[in-house]
Amino acid sequence: MSAAQPPRAPNLNVERYRGFYQEMLRIREFELAAIRAAEANLVLGAIHPSIGQEAVAVGVCGNLERADIILSTHRGHGHTMAKGADPLTMMRELMGRAGGTSQGKGGSMHIADFGVGMLGANGVVAANINIAVGAAHAIKLRGGDEVVICFFGDGATNRGPFLEGLNWAGVFNLPILFVCEDNGFAATTRTSAMTAGAGPAARAAAIGIETAEVDGNDLVAVDEVARDLIAEARRGKPRFLLARTYRLTGHTSFDPAAYRPSDEVDARWRGEPIAAIRSALRDAGEEEADLDAIAEAAKAEMIAAFEAAKATDWPEKALAYADVQDIGDPREGAF
Amino acid sequence: MATITYIEAGRQALAEEMRRDPLVWAVGEDLGRGGVFGQYKGLVDEFGADRISDAPISEACIMGAAVGAAMMGARPVVEMRFSDFALCAVDELVNQAAKARYMFGGQTRVPMVVREPIGMWRSSAAQHSQSLEAWYAHVPGLIVAVPATPADNYAMLKAAIRADDPVVFMEHKNLWPLEGDAPESDAPGVFGKARIARKGDDLTIVSWSAAVHVACEAAETLAAEGIGAEVIDLRSLWPWDREAVFASLKRTGRLLVVHEAVAVAGFGAEIAASAAETMHRDLKAPIRRLGAPRIPISYSPGLEDEVRVTAAAVAKTAREMIAD
Chain A
718 MSAAQPPRAP
728 NLNVERYRGF
738 YQEMLRIREF
748 ELAAIRAAEA
758 NLVLGAIHPS
768 IGQEAVAVGV
778 CGNLERADII
788 LSTHRGHGHT
798 MAKGADPLTM
808 MRELMGRAGG
818 TSQGKGGSMH
828 IADFGVGMLG
838 ANGVVAANIN
848 IAVGAAHAIK
858 LRGGDEVVIC
868 FFGDGATNRG
878 PFLEGLNWAG
888 VFNLPILFVC
898 EDNGFAATTR
908 TSAMTAGAGP
918 AARAAAIGIE
928 TAEVDGNDLV
938 AVDEVARDLI
948 AEARRGKPRF
958 LLARTYRLTG
968 HTSFDPAAYR
978 PSDEVDARWR
988 GEPIAAIRSA
998 LRDAGEEEAD
1008 LDAIAEAAKA
1018 EMIAAFEAAK
1028 ATDWPEKALA
1038 YADVQDIGDP
1048 REGAF
Chain B
9 MATITYIEAG
19 RQALAEEMRR
29 DPLVWAVGED
39 LGRGGVFGQY
49 KGLVDEFGAD
59 RISDAPISEA
69 CIMGAAVGAA
79 MMGARPVVEM
89 RFSDFALCAV
99 DELVNQAAKA
109 RYMFGGQTRV
119 PMVVREPIGM
129 WRSSAAQHSQ
139 SLEAWYAHVP
149 GLIVAVPATP
159 ADNYAMLKAA
169 IRADDPVVFM
179 EHKNLWPLEG
189 DAPESDAPGV
199 FGKARIARKG
209 DDLTIVSWSA
219 AVHVACEAAE
229 TLAAEGIGAE
239 VIDLRSLWPW
249 DREAVFASLK
259 RTGRLLVVHE
269 AVAVAGFGAE
279 IAASAAETMH
289 RDLKAPIRRL
299 GAPRIPISYS
309 PGLEDEVRVT
319 AAAVAKTARE
329 MIAD
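Chains as they are written, first to last, in the working numbering: chain A, 718 to 1052; chain B, 9 to 332.
Some hints could be false.
[Claimed, not checked] Simulated restraints, written as ranges between beta carbons of each label pair:
1. A:905 with B:194: 54 to 60 Å
2. B:49 with A:730: 38 to 44 Å
3. B:285 with A:925: 54 to 60 Å
Don't read these hints as lab results, they were simulated from the structure. All C-beta atoms in this analysis are idealised placements derived from N, C-alpha and C, irrespective of residue type, glycine included.
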């Protein structure tokens, strides 16, 4: 992929993209802190960083209202934060502590914050597509004007829900935007090696959903195309966005990703989205010192979240038996 | 007393709940024309195609969409046509619907009903005849309903629609035309509350769904021989009414579990194990189970009958237990 895009200054909406730059940095720093926590055995389960993919999360979610809905994948920290979730509550969830977004019961792979319209990451690839379609269907049934964003990866396009869900959205004219974050890898295998045909957008188009493609590392381009697609989707015209990006880490935080050559990864780092928007902001007249200050504040915020989560108690054991279902004794027949 | 059929009882229950609550949304293949068995006949005329929704042949999406809609406040009633087809949507039911409330720490609930008609029905062979209720009883988060009578089909479907958790609602296809007493009121049923289908003091037969009628037929035969068989219709497998079973067993000292499903790892095993753990001092004979052999269900009637638990087999086993 290309290096940083040529500067869009002087027309850049500096205020908007300064905010987006800050949000991308917060996500980046959250995930770096989460990786450190995993290395220190404070995060015990698998985490799937989205480092390098932040422009998609922020560029899309930056066009949403609070009442709008998103659904995400196992690689869902960025989407969740971009929709407005609190990083300390999320970090507590990753560490399995009391007061986590899901009371410590879900962890990273099931990160969710229904209060900000984030209906859950999903540990099963593509499973969120059908659920997202149902959320959109409910909005239509009650005549609401919210829109649903369903994020998934390129690997998900090889599962059945991709066909079933997109078809359903088309049949019922649902207010939904499907965002395929194409980072090139399905877990640790190159998706291209396991996928017939002309790729995700061609498949979506064949199902009858209008598509758009974008360089997912170009924040401004993502923002502009998402704005238009979301406006259309909100009117009951389901849309599909293919955002090409790159996962700068391995599949999980412990995956060294030795299956890809280092020069490929080095080249991708040179085109990574945070540096690109920073460069554009600088070219538009923003001061280096101000941009540095934003970065430092994001880092400090996430270090503080890390420390506060680490100092939080474990959940009460009784919570293990809560929220199973209203009737029936979950202890029946057990030890 | 007024009577009603099992299929019509379900239809009326759904219609009443849809009138009562505009958030109830029925969705599945061919619902507009009344459903594959006619369970939805005429409903589209009253409620329109938005609420009696035809769906593509996409079981996974029907189930998954219901999960998403339920999270947004709707109360979906999904139709799977045959419980066998619901296996195309097991991830959506088991990994998603059943887990969401817990996995997200109580942030959401998934109030949906999954209608999965079960059982042998007119040479329908291996992929349209199964009784897989034990699978779902095994999954935390699901309620499993297995009504045997028209009145229960009515009351329990209403309870299922009003429940705030996912309910697997398993109607037996062979019971559709069954006539029975009409419900006495429009009140919803209660899960985990068994029905004494027949009283008796010598033996407790625990059953559910269509097998209840087989057990009652056997009890009739046994009564003529002077053996009093009590037949308990569990109505739901999760939760199941341990107290009713144990109270009966306390009196009779003999437990026979009868179900149409494969005996191996069937829900009868759970009942037998629970009774053995709790009631062993009251037992006068070994606990027995009657279920299907572990073979797929055949098409040809003679072969199909090989998996059928008959009233004669129930009566024979009961006699053995009394003689034991």
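Unsatisfied constraints (hint numbers, rising): Hint 2 alone not satisfied by this model.
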